[in-house]
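There are 2 protein chains.
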Amino acid sequence: MNPASPPSQPVPPPAAELTGAMFIGGRRVTGTGPEVRAHDARTGAPLEPAYPGGTQEDVAAACAAAEDAFDPYRALHPADRAHFLETVADNLTALGDALVARAHQETGLPVARLTGEVARTAGQLRMFGHVLTEGSWMGARIDPAQPGRTPQPRPDIRQRQIPLGPVAVFGASNFPLAFSVLGGDTASALAAGCPVVVKAHDAHLGTGELAAQAVRAAVVAHGLPDGVFSLLVGDGPTLGTQLVTDPRIQAVAFTGSRAVGLALARTAAARPRPVPVYAEMSSVNPVVLMPGALAERAAPLAEEFVASLTLGAGQFCTNPGLLLAVDGPGLETFLDVAGRAVTADAGATMLTERIARAYRTETDSVASHPGVEVVARGALPDSASPGQATLMTVAAKDVLADPALQREMFGAAALVVRCADLTELTETVRRMEGQLTATLHTAPSDTEDARALLPLLERKAGRVLAGGWPTGVEVGHAMVHGGPYPATTDPRTTSVGSRALERFLRPVAYQNLPHDLLPAALRDDNPYGVPRRVDGDIELPRP
Amino acid sequence: MNPASPPSQPVPPPAAELTGAMFIGGRRVTGTGPEVRAHDARTGAPLEPAYPGGTQEDVAAACAAAEDAFDPYRALHPADRAHFLETVADNLTALGDALVARAHQETGLPVARLTGEVARTAGQLRMFGHVLTEGSWMGARIDPAQPGRTPQPRPDIRQRQIPLGPVAVFGASNFPLAFSVLGGDTASALAAGCPVVVKAHDAHLGTGELAAQAVRAAVVAHGLPDGVFSLLVGDGPTLGTQLVTDPRIQAVAFTGSRAVGLALARTAAARPRPVPVYAEMSSVNPVVLMPGALAERAAPLAEEFVASLTLGAGQFCTNPGLLLAVDGPGLETFLDVAGRAVTADAGATMLTERIARAYRTETDSVASHPGVEVVARGALPDSASPGQATLMTVAAKDVLADPALQREMFGAAALVVRCADLTELTETVRRMEGQLTATLHTAPSDTEDARALLPLLERKAGRVLAGGWPTGVEVGHAMVHGGPYPATTDPRTTSVGSRALERFLRPVAYQNLPHDLLPAALRDDNPYGVPRRVDGDIELPRP
Numbered sequence: 001m002n003p004a005s006p007p008s009q010p011v012p013p014p015a016a017e018l019t020g021a022m023f024i025g026g027r028r029v030t031g032t033g034p035e036v037r038a039h040d041a042r043t044g045a046p047l048e049p050a051y052p053g054g055t056q057e058d059v060a061a062a063c064a065a066a067e068d069a070f071d072p073y074r075a076l077h078p079a080d081r082a083h084f085l086e087t088v089a090d091n092l093t094a095l096g097d098a099l100v101a102r103a104h105q106e107t108g109l110p111v112a113r114l115t116g117e118v119a120r121t122a123g124q125l126r127m128f129g130h131v132l133t134e135g136s137w138m139g140a141r142i143d144p145a146q147p148g149r150t151p152q153p154r155p156d157i158r159q160r161q162i163p164l165g166p167v168a169v170f171g172a173s174n175f176p177l178a179f180s181v182l183g184g185d186t187a188s189a190l191a192a193g194c195p196v197v198v199k200a201h202d203a204h205l206g207t208g209e210l211a212a213q214a215v216r217a218a219v220v221a222h223g224l225p226d227g228v229f230s231l232l233v234g235d236g237p238t239l240g241t242q243l244v245t246d247p248r249i250q251a252v253a254f255t256g257s258r259a260v261g262l263a264l265a266r267t268a269a270a271r272p273r274p275v276p277v278y279a280e281m282s283s284v285n286p287v288v289l290m291p292g293a294l295a296e297r298a299a300p301l302a303e304e305f306v307a308s309l310t311l312g313a314g315q316f317c318t319n320p321g322l323l324l325a326v327d328g329p330g331l332e333t334f335l336d337v338a339g340r341a342v343t344a345d346a347g348a349t350m351l352t353e354r355i356a357r358a359y360r361t362e363t364d365s366v367a368s369h370p371g372v373e374v375v376a377r378g379a380l381p382d383s384a385s386p387g388q389a390t391l392m393t394v395a396a397k398d399v400l401a402d403p404a405l406q407r408e409m410f411g412a413a414a415l416v417v418r419c420a421d422l423t424e425l426t427e428t429v430r431r432m433e434g435q436l437t438a439t440l441h442t443a444p445s446d447t448e449d450a451r452a453l454l455p456l457l458e459r460k461a462g463r464v465l466a467g468g469w470p471t472g473v474e475v476g477h478a479m480v481h482g483g484p485y486p487a488t489t490d491p492r493t494t495s496v497g498s499r500a501l502e503r504f505l506r507p508v509a510y511q512n513l514p515h516d517l518l519p520a521a522l523r524d525d526n527p528y529g530v531p532r533r534v535d536g537d538i539e540l541p542r543p
Numbered sequence: 001m002n003p004a005s006p007p008s009q010p011v012p013p014p015a016a017e018l019t020g021a022m023f024i025g026g027r028r029v030t031g032t033g034p035e036v037r038a039h040d041a042r043t044g045a046p047l048e049p050a051y052p053g054g055t056q057e058d059v060a061a062a063c064a065a066a067e068d069a070f071d072p073y074r075a076l077h078p079a080d081r082a083h084f085l086e087t088v089a090d091n092l093t094a095l096g097d098a099l100v101a102r103a104h105q106e107t108g109l110p111v112a113r114l115t116g117e118v119a120r121t122a123g124q125l126r127m128f129g130h131v132l133t134e135g136s137w138m139g140a141r142i143d144p145a146q147p148g149r150t151p152q153p154r155p156d157i158r159q160r161q162i163p164l165g166p167v168a169v170f171g172a173s174n175f176p177l178a179f180s181v182l183g184g185d186t187a188s189a190l191a192a193g194c195p196v197v198v199k200a201h202d203a204h205l206g207t208g209e210l211a212a213q214a215v216r217a218a219v220v221a222h223g224l225p226d227g228v229f230s231l232l233v234g235d236g237p238t239l240g241t242q243l244v245t246d247p248r249i250q251a252v253a254f255t256g257s258r259a260v261g262l263a264l265a266r267t268a269a270a271r272p273r274p275v276p277v278y279a280e281m282s283s284v285n286p287v288v289l290m291p292g293a294l295a296e297r298a299a300p301l302a303e304e305f306v307a308s309l310t311l312g313a314g315q316f317c318t319n320p321g322l323l324l325a326v327d328g329p330g331l332e333t334f335l336d337v338a339g340r341a342v343t344a345d346a347g348a349t350m351l352t353e354r355i356a357r358a359y360r361t362e363t364d365s366v367a368s369h370p371g372v373e374v375v376a377r378g379a380l381p382d383s384a385s386p387g388q389a390t391l392m393t394v395a396a397k398d399v400l401a402d403p404a405l406q407r408e409m410f411g412a413a414a415l416v417v418r419c420a421d422l423t424e425l426t427e428t429v430r431r432m433e434g435q436l437t438a439t440l441h442t443a444p445s446d447t448e449d450a451r452a453l454l455p456l457l458e459r460k461a462g463r464v465l466a467g468g469w470p471t472g473v474e475v476g477h478a479m480v481h482g483g484p485y486p487a488t489t490d491p492r493t494t495s496v497g498s499r500a501l502e503r504f505l506r507p508v509a510y511q512n513l514p515h516d517l518l519p520a521a522l523r524d525d526n527p528y529g530v531p532r533r534v535d536g537d538i539e540l541p542r543p
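Each protein sequence line maps, in turn, to chains A and B. Under full-length UniProt numbering, the first residue of the first sequence is numbered 1, with each subsequent residue one higher. Under full-length UniProt numbering, the first residue of the second sequence is numbered 1, with each subsequent residue one higher.
There may be inaccurate statements among the hints.
[Stated by the list, open to error] Chain B residues, not near chain A, derived (Cβ > 10 Å throughout): (1) 46; (2) 48; (3) 105; (4) 141; (5) 147; (6) 148; (7) 226; (8) 241; (9) 258; (10) 292; (11) 347; (12) 357; (13) 376; (14) 427; (15) 434; (16) 476.
[To be verified] Which chain A residues face chain B? A few, computed with CB under 8 Å, are given here: (17) 270; (18) 273; (19) 450; (20) 498; (21) 531.
Think of the hints as simulated: they come from the structure by calculation, not from any bench. All values reported here derive from a predicted model rather than from experimental measurement. We treat Cβ as the ideally placed atom computed from N, Cα and C, and that holds for glycine.
The whole structure should be built from the sequences, with the hints applied where relevant.
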């Protein structure tokens, strides 16, 4: 791969000032629709500035700019696209304390966690830079002509991946950086060569505007077409639907609730020309505590569990919300220690008042089930959006009789399912919905039972853990953050890690193209220096 | 990769006798529902035997057997699965003349073409054998642990692809072997590790039963679980819907009309747990005759075009149904020569009486458009299912005003679009629907105009050809037989070529699994000898 060219202009530092305006292609546009505002998560006070919402014309303008930008942007040398992503990462990092302070105010998440999230988000952009340069993403394949083949000669056929077109991104409330304006969906779509139109999340509008400044400054610095990136503001049902139904949008990426994810998927499927929706929705992330593991170390497992459960007020897609274990003394010890840890938990401010209300409603509803016993509740913190840790138990037979007990309670609540034996535990797992993760805690004595359970767990989840807890999601090349429906709308993909960009690509074959019309990745001299598959076998470029 | 084990039993030769019974797991079951029958395409006479249709219980039994077979089948050593596919290919080839004779009777397709299709179908199975052995399909990725990383250690994360589960396959009428019971969909799903339940196409029930014998004999010979393969008979709206909505079915593959493909997609999306539908539907396969090419060799282009148009009575998904050219003397010569070739065409028997009727209706409807001129019609053959070649022209402005003129006329009919200039030609292409193929005929003087058109053509089609005609679809590693909606329901895939098996796989990540619980493809010693991506970079196995 050739060295990337430097930015075409000096990089202006992003301004850490908030204006309340959207980014539509190269313009800052103040909306004329209904105003939305972020709120201080802890106090509930509305925050400045107000963000007047965009109109249908604003949506159309952003999508038109994205369409105009698509062909020149996808034609860039991949190393130039990598360099652009690196500049975005630099700009994000440069926002520093101002970004973290605003995100802390809007989300209530701790400063240390948000500081880590900035680093993760920047690292994610740089990882895609590496992926672009390595070049396997192009999917270059060459089946050379066989002019002498009988009964008919074989033509020359070559294949590469091309980007789908403009992508609409809907960010999540719970990761205001890593899954939002500049998160994994935006980074992977930009890496794939797709312009992005983001609908800002109402809960962290200021954080979103700052992140958008980081992208916009990089677009200017690299002299890219203005429509490569736009940020819209407005309410989901109206502006979100306008965005998903715009004919120029070719794919949709979303992280959030099941109700909204499914609504977006229905809207996209009903378009005259349907487009894929990658919605990462809900999961209770079952954790199986095998008998040997409980016998050996019930107490430390309980401590680790409550730490994972209460991390970030439990507001993780991968929060461990459902535990399964065989009844017995090991489980009693586990519940005793976990119950005391939950009782000692101080609670935390949740992301928004609405989320805190929904959390209370969900936990109260589960707690009121006749089969459910509340083991412990933590303290109710003094906050406009209080999150109170909650630990409950229920018998497996009740879960089997009422699948609603397996629903996600978004927050620091978990339900421990008491199983009569491993057969009942296995049956409970078999009847679960699709999940982002499934975790097994084992001791050596559990190995054969764990081996028998693994084929079932991998059919249920995108990631299977042995030991540890599911709340950390590594950004890497082997990560899968995805899983069978209803964890996501498309189990064939991941929204975290380098394979996330494959969601925005599709293959095209070229038959007998004259050499000077072939895409660079497919020319005989391999000018991009990428791995290619020739007659089915991989050929690596010379180092 | 280890050498494949031989079949566990001697391979019984498949019996070339027709019984009218279905294959449900290991049983031959005669249906008790409404009877369906194949017909002699040329005479319209009903053929023996009758095939009584399956009931909902039969569908459920086939799906239950497939589910039972799934875990043991996917756990096979990939070389064993390759060997099984090779035995299926041997069995198909061994059916020989009996298979071709029945297919000829049922479809009216020429014996030479069907003989070639047997070879293609067997070759396709062997290609997947090679793919299984090479091993990239497993998508093995390893991000090794970094225990010393700060602020937190990195866990060990590994990824592989696993099969989705039982797959429902609906065959096409026009390729009774290559796109039917044993065609690309079945071969790629079996290669991926998915059991298959086929709904037989009514138009070639005998051919389907023979092909099913070839699979069944291989299942027995290799001692595989019975449910790896089933063949059901019945009407599409009833039995087909029962099959697609069975909760054990995890994906659907279909080749056929747009109406049926979209109905299947809607049905699958409305399931409590939606599953992907890979429907390859309609395409008019635009061919652009650039001015230089027409000036240089209008007459030979016209001869080649009519040969492609009338091949197999025009019953190819990739039939060239829409030509675009700039008006002028070159186009007049082209139309003159093509018109004479069409007039001289003897016509051919189409696949079924219903298809022949639909073809007449569609061509008459297009011909009756006030802007359309019929250039030539071929002879009307003496057949119960006559296909008469038809060549028409229309002005681009009429196509722009009435997109219905771009619809598929399944058969040997084409519409030549006269464009005022390259600008109008480009605009006509821009407003076309998604296609399986797009073809460019150029001379050296057209190179710059062709270069400008290419980004548009690749956005419209799954395969772009320069020179040649789209009707031949190579089975290889670089082929894409797919394309943007409505050519297919999923442009990210191909239904022909080695990448077809990716449709039936999804990634799973394994975090910190003890080494003895890891899938073989991910163990440190790489026992399958497959290419793997370690920290993002490809490592090839030692030869």
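A quick look at each hint next to the structure:
1. 46: It holds; residue 46 (chain B) is separated from chain A by about 35 Å at its closest Cβ, greater than 10 Å.
2. 48: holds (34 Å)
3. 105: holds (24 Å)
4. 141: About 4 Å separates residue 141 (chain B) from the closest Cβ of chain A, which leaves it inside 10 Å; violated.
5. 147: holds (13 Å)
6. 148: With a cut-off of 10 Å, residue 148 (chain B) remains clear of chain A, as the shortest Cβ separation is near 15 Å.
7. 226: holds (19 Å)
8. 241: Correct as stated: the minimum Cβ-Cβ distance to chain A is 18 Å, above 10 Å.
9. 258: Holds, since 13 Å exceeds 10 Å.
10. 292: holds (13 Å)
11. 347: holds (24 Å)
12. 357: holds (28 Å)
13. 376: Answer for residue 376 (chain B): holds, closest chain A Cβ roughly 28 Å.
14. 427: Its Cβ never comes within 10 Å of chain A, the nearest being 15 Å, so this holds.
15. 434: Since the minimum Cβ distance to chain A is about 8 Å, residue 434 (chain B) lies within 10 Å and the statement is violated.
16. 476: The claim breaks: residue 476 (chain B) does not keep its Cβ more than 10 Å from every Cβ of chain A (closest is about 4 Å).
17. 270: violated (10 Å)
18. 273: holds (5 Å)
19. 450: Interface hint status for residue 450 (chain A): holds (6 Å vs cutoff 8 Å).
20. 498: holds (6 Å)
21. 531: Nearest chain B Cβ about 6 Å off; hint holds.
Checked against the numbered hints above, the structure violates hints 4, 15, 16 and 17; every other hint is satisfied.
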